[in-house]
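Make the full structure from the sequences, and use the hints.
Protein chains: 2
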Amino acid sequence: MNRSPLAPATFPELPVITGVELRIARAQYKTWDRCDLTFVTLAPGTAVAGVLTQSKCPSPEVEWCRRALVLGQARALVVNAGNSNAFTGSRGRDAVEAIAARTAGHLGCQPSDVFVASTGVIGVPLPIDKAEAGLDAAFAADPCGWEDATNTIGTTDTFPKAATTSAMIGDTRVTLVGIIKGSGMIAPDMATMLGFIFTDAAVGAEFLQAALRTANASTFSCITVDSDTSTSDTVLGFATGAAGNAPIGDEDDAGADAFVAALTDLCRQLAQLVVRDGEGATKFIEIAVSGAESDRSAHVVAMSIANSPLVKTAIAGGDANWGRVVMAVGKAGEPADRDTLSIRFGSIQVAQGGMVVEGYDEAPVAAHLQGQDVEIGVDLGLGEGRATVWTCDLTHGYISINADYRS
Amino acid sequence: MNRSPLAPATFPELPVITGVELRIARAQYKTWDRCDLTFVTLAPGTAVAGVLTQSKCPSPEVEWCRRALVLGQARALVVNAGNSNAFTGSRGRDAVEAIAARTAGHLGCQPSDVFVASTGVIGVPLPIDKAEAGLDAAFAADPCGWEDATNTIGTTDTFPKAATTSAMIGDTRVTLVGIIKGSGMIAPDMATMLGFIFTDAAVGAEFLQAALRTANASTFSCITVDSDTSTSDTVLGFATGAAGNAPIGDEDDAGADAFVAALTDLCRQLAQLVVRDGEGATKFIEIAVSGAESDRSAHVVAMSIANSPLVKTAIAGGDANWGRVVMAVGKAGEPADRDTLSIRFGSIQVAQGGMVVEGYDEAPVAAHLQGQDVEIGVDLGLGEGRATVWTCDLTHGYISINADYRS
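The listed protein sequences derive, respectively, from chains A and B. Reminder that position 229 of the first sequence reads as 229 in my numbering, one-by-one numbering, no gaps. Reminder that position 314 of the second sequence reads as 314 in my numbering, one-by-one numbering, no gaps.
If you're looking for bench data, these hints aren't it; they were derived computationally from the structure. Careful, some of the hints might be misleading.
[Stated by the list, open to error] Here are some, though not all, of the chain B residues that point toward chain A, as calculated from beta-carbon distances under 7 Å:
| no. | residue |
| --- | --- |
| 1 | G123 |
| 2 | P127 |
| 3 | G354 |
| 4 | D404 |
Model, not experiment: these values are computed from the prediction. Just so you know, even glycine gets a beta-carbon here, dropped at the ideal spot from N, CA and C.
Now the structure itself:
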């Protein structure tokens, strides 16, 4: 697979997070010449939070994490690439339990301290023997760096995706690093979105969970490649506490706002990297809706535009076809009034008050659409609600990847 | 544009509907060598009913029809092809009013007896001078047949789409003919779905409206090409009464059930023809969902599958990728239990009770997917709710048509 034209030039410099150790191994879930098992050990006392797919047909890994999150503590993360283990009945559940038990045996912790995520083909039970052998090999291996771990969690990703940020909590600087994989919300049956965030901040599990939910609402929940939601989407956050800041237990504690802002910044970077690796993507599209009756309503309208095949193909073609934006607003089902609707591409107003602007000149809009970064602004003219979402264009590349995937 | 590979071999033989006269003319809404204005006169006393787009940004034609339908009577239908007149502010409203007034002048009827529908590019006001000259030319022209009228309402359609059926009301046979255009629910900005149904049955307008709503729910509302809903979708039904049957005023009258059944049959034929002309379509897909908690819930799940780009591209590639069906069920948001879920392709069961069937053999499924007609069956195993919907595959043809349309 060619590297996405929207990929950053290089993998970022990422700091060590004290209390986090990365290792990789070859479980050979598929016949391929690469590592496909990532094993992360976390210092005792690490707090954990997570947001998981809302699919009604989730993988057993998702169900496992959902239960384990209740306890709020983590000692290990295991990520399998090449097999999602989704829709595999009791054999899938057995595999997850076996991985947790084997890991707990190695580390001398409880199975419920072990978090598991898998990505790959749906419907094939994860082979327990390969998982156990892979875990044993990883446990015996030397620690590795972020780039190796990021490559190992990937599947159809065309580049490794990671980001970092930091925040001051009182006088203490805390550091956050996130790694993520995914080429679509789901893309082929090989592209679940899995994201893992590590920080040395001392934060309580309950606060971490609230912070991750808040960050998620304006970041991961605001991206779409193809409107298809995975059975396995998982974002987990781990906080080792090694930075030694005054622990944050709730939102009123000093540094709480700074931490949430840093976490949100990191999640936005990671989310946008997933869009930049969207299957077949040649353009990165930001859609900003304002003037809606509520923020929720603005989000629905923005996602209706972001998921419209006609809008996405128009942008792929560099076509300033704003009529398709009108269509997508109209079909969203949210309050909208044609006669107060305004639309811009980049900074160029194209429609206002329910019709095209006087003396509309398509040339500057067409020039904006020639770039890799496209911005669509819609003002509904009804209220104060706003939302911003990110997507990519829909191209022949998407069809080629998905129509020819297993055949 | 090449004729769709899913098109019927020939245009059907269609009977005359007494009380309906068809004429066509060249309004030259675009620079093209074809008729683009269709003018239908209806005998005095003709009842009318309609279902219109639920878009929040409807065209002025849709708003006009919605108001005129309240009166329940029609003397004329005018259809413009090449310009949808949508999102054109007060100038668009002026154009519709001018068309109704000019037609009323020709026929000596009320403007509210005139129904107007337009399809084509969004955002360009329909030129009133061209519309009026076209109407005058049509009024002076000789009547034409169904095929000419069907071709004239079309835009990016690759074949003219029409169907007929009949029903016995008491001892009287009544006849129904429908014509339709559209290559997507909306396809490019040139493919609104417009459907027109004509019958010689004597039925009251209120009953006709109820019958059309009933028929619509299981036919036009059950098709999707690309999930994008037009600003202009319109289906109108006209009943001239010329058959002389005992008039049907409500659902308890003799023949009411037979009429609704015939109308539903006709609507289903027309709806399926639109899917068969779906942009870039190479396969016709029927999706039947059973075992849902309600019919409504089954419909939502079926449409989630039908709109999934990953399901549609898998079928385009002849790929028996049932994991994508699981994904689409899971993301629908309706009650579903992975462990009671069953999936079949054609008559071949692939998954049952939350996992792949014992000894699953992909070969017969792959063979089914090689055909032009593909059937996906999903049983949720929860209740008695069922729904069937129709769609087409998603191919390079769709991208070519829509990414390169105006550029």
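Results for each hint:
no. : hint : in the structure
1   : G123 : 5 Å, holds
2   : P127 : 15 Å, violated
3   : G354 : 5 Å, holds
4   : D404 : 5 Å, holds
In this structure, only the earlier hint numbered 2 is contradicted, and the remaining ones agree with it.
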